[in-house]
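Asks: Sequence:
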Amino acid sequence: MVKRIAVVEKEKCNPLSCGDYLCMRMCPLNREGQEAITKGPDGKAQINEELCTGVCSICVNICPFGAIHMVKLPDNLTQKPIHRYGKDSFILYNIPLPTSGKVLGILGRNGIGKSTALKILSNSLTPNLGDPENKDPKIDELIKMYRGSEIQIFLKKLKEKKVKIAYKPQSVHLIPTQIEGTVKELLDKSNENNKLDEVSEQLNLKELYDREVSALSGGELQRLAIAATLLRDANFYFFDEPASFLDITYRIKVAKIIRSLAKEGVAVMVVEHDLATLDYISDQLQILYGNAAVYGIVSQIKSVRRGINEYLDGYLPDDNVRFRDYKIKFNKGIERYVNRPVLYSWGDLEKEFETFKLKISAGELRKGEILTITGGNGLGKTTFLKMLAGLIKPTKGKIDSSIKIAYKPQDIKPEAGTVNEWLHKFAKNKESGWFEKNILDKLNLRKIINSNIADLSGGELQKVFVAITLSLDADVYAFDEPSAFIDVEDRINVAEVIRDFMNKQDTCAIVVDHDIQFVDYIGDSMLVFEGEPGKEGHVKGPLTKEEGMNEVLKMLDITFRIDAEFGRPRINQLGSQLDKKQKKEGKYYYT
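Here the sequence shown is numbered in numbering that gives the first Met the number 0, starting from 0 and rising by one per residue.
Since the hints were made in silico from the structure, they are not lab data. Just to be clear, a hint being listed does not mean it is correct.
Stated by the list, open to error - List of simulated lysine-lysine pairs, BS3-like, C-alpha gap at most 30 Å: (1) 86 with 38; (2) 79 with 446; (3) 553 with 580; (4) 11 with 43; (5) 143 with 156; (6) 534 with 412; (7) 161 with 356; (8) 503 with 446; (9) 143 with 161; (10) 446 with 43; (11) 43 with 2; (12) 255 with 43; (13) 436 with 424; (14) 188 with 163; (15) 156 with 43; (16) 446 with 71; (17) 385 with 326; (18) 137 with 183; (19) 252 with 9; (20) 366 with 397; (21) 397 with 436; (22) 160 with 262; (23) 101 with 262; (24) 43 with 101; (25) 436 with 412.
Whenever a hint applies, use it, and build me the whole structure from the sequences.
Replies: If you want it as structure tokens, here you go:
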């Protein structure tokens with residue numbers, strides 16, 4: 000078995016812009032007359048793994064687009080490759096195992112093979128068992144590979160067309176480009192199990208029936224996509240990131256709905272980066288680990304608590320693999336009311352629109368403090384940030400215009416230019432060693448530094464704009480949903496980068512987010528938005544983090560306990576002894 004693989008990310012490889020195949024010209028083996036790197040049929044660089052030793056890594060280091068990877072596979076890798084897209088392309092090892100009557104959670108970084116696994120399980124991709132030269136692969140070969148295992152039973156049903164799949168895609172924002180018509184028309188087409196009224200009621204979609212799909216917000220599109228999936232008459236349901244775009248209230252509601260689906264005896268698989276939601280929704284877990292865009296390995300099935308804790312630890316005992324050289328720990332925030340100087344304050348504010356009114360009570364921020372904001376969509380969280388940033392004026396009250404506020408908006412639009420050009424344009428301190436080490440490196444931005452902004456994934460774009468915001472000269476830094484589109488590890492990285500920056504610069508930040516675990520991880524204090532979505536919003540706080548989390552969890556009717564090993568908050572099962580005990584004591588949030 001190959002213990003080292005070479006991968007060229009074709010979408011990043013740009014021979015014309017690097018000086019006419021720079022990697023080919025600089026490769027020592029090529030200079031000796033061998034053809035370790037050649038021009039492929041698609042015009043991109045192609046690496047011969049049989050010739051290339053991978054020792055020098057010159058091509059990896061000189062590629063200005065970070066397109067080339069030379070990676071050593073784990074020494075104890077026993078799984079055989081399931082699929083490889085090309086000679087020097089991504090490889091997937093093993094596949095997840097859907098189980099009837101269970102919700103299988105899938106946890107892993109972006110670009111690690113989740114989409115490839117889904118294509119195989121949905122019979123839309125026949126795996127070539129690692130041989131890209133095999134142009135006519137048969138699923139019988141995969142069935143034979145897994146003989147005597149549970150996954151073989153599933154694959155046989157797949158071959159016999161006895162598996163009917165309902166799929167909720169990840170990129171719900173693309174739905175308006177693919178489907179025309181009203182919400183009701185789309186749901187009518189999906190209503191195979193005659194549960195339209197029930198599902199619409201659960202997800203509050205009846206009020207949207209007459210709306211054009213093209214006019215829906217991200218959260219509304221997500222609810223629509225989830226509903227359309229639930230209405231399919233299937234025996235295998237797959238939800239790809241169902242929590243994205245949803246506010247904190249809908250995340251819990253959707254988790255409960257999906258859990259109830261498994262009780263009907265069907266198999267359910269969920270990919271999710273919101274750890275609290277994934278923990279709450281899943282019965283069992285499989286981890287995908289490896290090297291993004293290079294290879295991915297699917298772990299054995301684990302219990303949810305054990306699986307998440309092993310992922311945070313970076314070590315899988317059953318596989319005897321350490322896939323990360325550090326542990327992820329959840330730390331408590333600073334105490335809000337300590338003797339720290341006040342850096343920023345605002346008075347009572349009001350903003351009135353034609354159909355919506357927002358009231359904000361006075362508050363203040365102290366040196367090093369991170370104020371988190373949470374609550375349902377349509378209650379004015381983004382409006383509040385825009386008022387502070389001077390983008391809209393309050394109807395009542397005043398904003399101190401002498402205070403400079405750097406603002407990362409919720410909706411980020413891809414623009415022309417490369418990441419490097421944008422950083423040079425906005426990041427005055429980009430060349431400083433501290434900025435490079437503590438922001439560029441921690442957010443893994445060096446590998447995309449020469450990529451076009453318009454070509455970035457949602458997660459990459461998010462991290463770039465977090466970095467740009469932190470590079471601005473400001474008194475207060477405001478971030479609207481910085482965890483959107485990014486995976487678990489990068490959410491922790493973003494939180495740590497923001498926190499470290501506030502401490503080093505002796506400044507403060509305001510963070511709006513719906514990932515309750517991200518909010519708990521990054522925040523020191525809280526504002527909780529309440530009211531009637533789209534009509535009226537008001538605020539509780541600023542509160543200590545404990546007070547704020549208690550308010551939020553009480554509103555959601557859930558309780559948190561702390562995991563002793565990693566300090567991460569976990570949602571108690573509804574009606575469990577601990578859930579009842581904490582509610583009786585009024586302690587919805589762990590202490």
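Asks: Each hint needs a verdict: does it hold in this structure or not?
Replies: A quick look at each hint next to the structure:
1. 86 with 38: It holds: about 13 Å lies between the C-alpha atoms, which stays within 30 Å.
2. 79 with 446: 29 Å, holds
3. 553 with 580: With a Cα-Cα distance of about 13 Å, the restraint between residue 553 and residue 580 holds, given a limit of 30 Å.
4. 11 with 43: Within the cut-off at roughly 9 Å; holds.
5. 143 with 156: 14 Å, holds
6. 534 with 412: With a Cα-Cα distance of about 27 Å, the restraint between residue 534 and residue 412 holds, given a limit of 30 Å.
7. 161 with 356: 53 Å, violated
8. 503 with 446: Holds, at about 25 Å.
9. 143 with 161: 18 Å, holds
10. 446 with 43: 18 Å, holds
11. 43 with 2: 24 Å, holds
12. 255 with 43: 47 Å, violated
13. 436 with 424: 19 Å, holds
14. 188 with 163: Answer holds: residue 188 to residue 163 is near 17 Å, not above 30 Å.
15. 156 with 43: 39 Å, violated
16. 446 with 71: Holds, at roughly 18 Å.
17. 385 with 326: Status violated; Cα separation ~36 Å.
18. 137 with 183: With a Cα-Cα distance of about 40 Å, the restraint between residue 137 and residue 183 is violated, given a limit of 30 Å.
19. 252 with 9: Violated, because 40 Å separates the two Cα atoms, which is more than 30 Å.
20. 366 with 397: Cα-Cα ~22 Å, so holds.
21. 397 with 436: 38 Å, violated
22. 160 with 262: Holds: residue 160 and residue 262 sit about 23 Å apart, inside 30 Å.
23. 101 with 262: Judged against 30 Å, a Cα distance of about 7 Å means the pair holds.
24. 43 with 101: 43 Å, violated
25. 436 with 412: 27 Å, holds
Hints 7, 12, 15, 17, 18, 19, 21, 24, counting from the list given before, are not met by this structure.
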